[in-house]
Amino acid sequence: MASTTTTVPSAGPFTDSRSFISRLRDGDEIARLVTFIFAGSVVLITALLVYELWRESYLPRHKFGFGFFVTSVWDPIFDKFGALPFIYGTLVTAGVALLIAVPLGIGAAIFLAELAPARVSDTLQFFIDLLAAVPSVIYGLLGVFVVIPVMRQYIQPALKSSLGFLPFFQGPAYGVGFLTAGIVLAIMVIPYIISVSREVLISVPRDQREAALALGATRWESTWKVVLPFARTGIMGSIFLALARALGETMAVTMVIGNTPTISASLFSPGYSIAAVIANEFTEATGDLYLQSLIELGLVLFLLTFLLNGLARLLIVVTSQRGSEMGQT
Amino acid sequence: MKRLASLVFAVLALVAMGVAQGALSINGAGATFPYPMYSKWFDEYHKKNTDLQINYQSIGSGGGIKQVTEGTVDFGASDGPMSDEQLKTFQDKHGFPILHFPTVLGADVPTYNISGVSGELNFTPEAIAAIFLHKVTKWNDPLIAGANKGVNLPGSDIVVVHRSDGSGTTYIWTDYLSKVSDEWKNKVGKGTSVNWPMGLGGKGNEGVAGLIKQTPNAFGYVELIYAIQNKMPYGKVKNSSGAFIKADLAGVTAAAASAAKNMPDDFRVSITNSPGKTAYPISSFTWLLIPSKFSEGSKRDALKGFLKWMLTDGQNETEALSYAKLPKEVVAKETKALNNIQ
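Residue numbers (this note's numbering), protein chains in the order written: chain A, 3 to 331; chain B, 176 to 517.
Hints were generated in silico from the structure; no laboratory data involved.
Ideal placement from N, C-alpha and C gives every residue a C-beta, glycine not left out.
Fair warning: there could be bad hints in the mix.
Stated by the list, open to error - In the DSS-like style, the derived pairs of lysine-lysine whose C-alpha atoms are separated by at most 25 Å in a straight line are: (1) 263/B with 310/B; (2) 82/A with 362/B; (3) 215/B with 483/B; (4) 479/B with 324/B; (5) 452/B with 479/B; (6) 421/B with 406/B; (7) 82/A with 263/B; (8) 360/B with 82/A; (9) 483/B with 354/B; (10) 223/B with 65/A; (11) 313/B with 162/A; (12) 354/B with 313/B; (13) 452/B with 411/B; (14) 82/A with 310/B; (15) 215/B with 474/B; (16) 223/B with 474/B; (17) 411/B with 388/B; (18) 452/B with 436/B; (19) 354/B with 82/A; (20) 388/B with 162/A; (21) 388/B with 360/B; (22) 362/B with 65/A; (23) 215/B with 479/B.
Unchecked claim - Facing chain A, from chain B, some residues (calculated, C-beta under 7 Å): (24) 368; (25) 370; (26) 372; (27) 375.
Bound conformation, chain A alone (with noise of 0.2 Å):
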């Protein structure tokens, strides 16, 4: 009856003046202590892994400086090292591979999500998150065996006689090259657009959909113009996941690339990137200089992961803040 003034652990953080000893003994402080931990300690196994990899580099960065950006030339006897051919061919192979896991992707995650029945898109589901468990050297092996022969003896020369005016299609077709390696990237990306758009594009409320409809809008037009921008963010989510694998990706890429450091226009040509480049020669780099040139390369994947990402976050923010504005209109 009298009110009891025992204090209540609030949930804001600021409003508990207790000493953080005693508040230790709630479970609940317990509980947001350890999960900080746990989450600290993600962000601290990502900054030992840098500092690790900018320790074990200084040779080459004190010889080459940011030359090393810019240079050419991998040359392990005269001790000349040059990241561009590998930073090339990243870059190439993972844009071929969202260029067509993209639109393969997002249309069939739309396929699942609206206009499949739910018996249909439950079973291929399955399929696809099968495809995503695939490890990677499997794809390679496929690459090797199916796609590469069938590169070479159909494709390369029919998109050579079609758009063979366009300098990506030209030059002689051995059936490995960028083009090669990006579409076994897709096929291996694909999987991580279909699972997470769909999930996104389920979520959306049905109040959205419903409501588009009950204005006029067809099917397609529902889905275009209401349920596709309300998932936008959870959908450039799903595209950047496919992006970081792509960029990462090592046994598939350097057996169907041709491991040749180029940097040409043309899809055709053979090519090599940074995962594949370490894979082939890391274990038999005898020379600290190589070897710290081969854990520059590593510290410039990292790089180029984090700065794609961090354009993703940017992209993602300044797309949702221009999207809540075209809500509230």
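Based on the hints, put chain B in the right spot on chain A.
Using the frame of chain A, we list chain B on its own:
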């Protein structure tokens, strides 16, 4: 109490088992080329000495050199001898030198995939160097056709294939090219991994073989044993005496024989392009890298015992796996050099 007792008993039993075995375990790592041979040898030797287990990881010649210098393995193996720089690094780190012991011989062969050509082509050193330097681009170039009169070579572009990973096979090939072509020596050099002027890269002998089999008009190099076991066509190479030799065990042993007489004491010798009428020019030793001092006497004695066996009984098993055995002079010299391991 009962649980504690049974736990203590289990631990004691495990310890007793470990003590009763008294097994000595020696670890090595290095070249992939001789791995089938080493694997068989270590297995056979273990059957004869059941309390000794030698483990070998085929991580590549460079890896072997690195790990034995770091001290993470007891011995290394390499298809290319350690350079003076690498020897110095080992000496500086450990305070005593590391020794090379040749074990078997191997060879690289030029292999190709040209539609309509199923026989053996003849390759001169100039032709091989020119192809890999991108100076000769078509199969019917006079430099190739000149040595292959009567063969209908197409006018298509040659697709060069090389190794993308660091490898002793590449070391042997580039060592040979550095000897027969000054331009190659100055422009590219020799090593387990080089800056190839052009060509597609395949991972491992199997990657190169796969690329060559799939790509029409391809040309590349693989280890002899690999070509034999995978039934790949390979050509003859002209040796320094002017004869075109197809790689086989006799030709490889002949290449080593002429070098055997002038073998340096540290056994670091290159036998590519060696003299001798029947010598195959792209041959090489492969070496075990043994530190000259062991802190554990048991490991030293075990390794010395293995090496003695390898130089006698072990050499009789090489031909079954298509490796050439060491010449007698080299075996004799190595047996004497075993005393350098302390």
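Non-conforming hints, listed in increasing numerical order = Violated hints: 1, 4, 5, 9, 10, 21, 26; rest satisfied.
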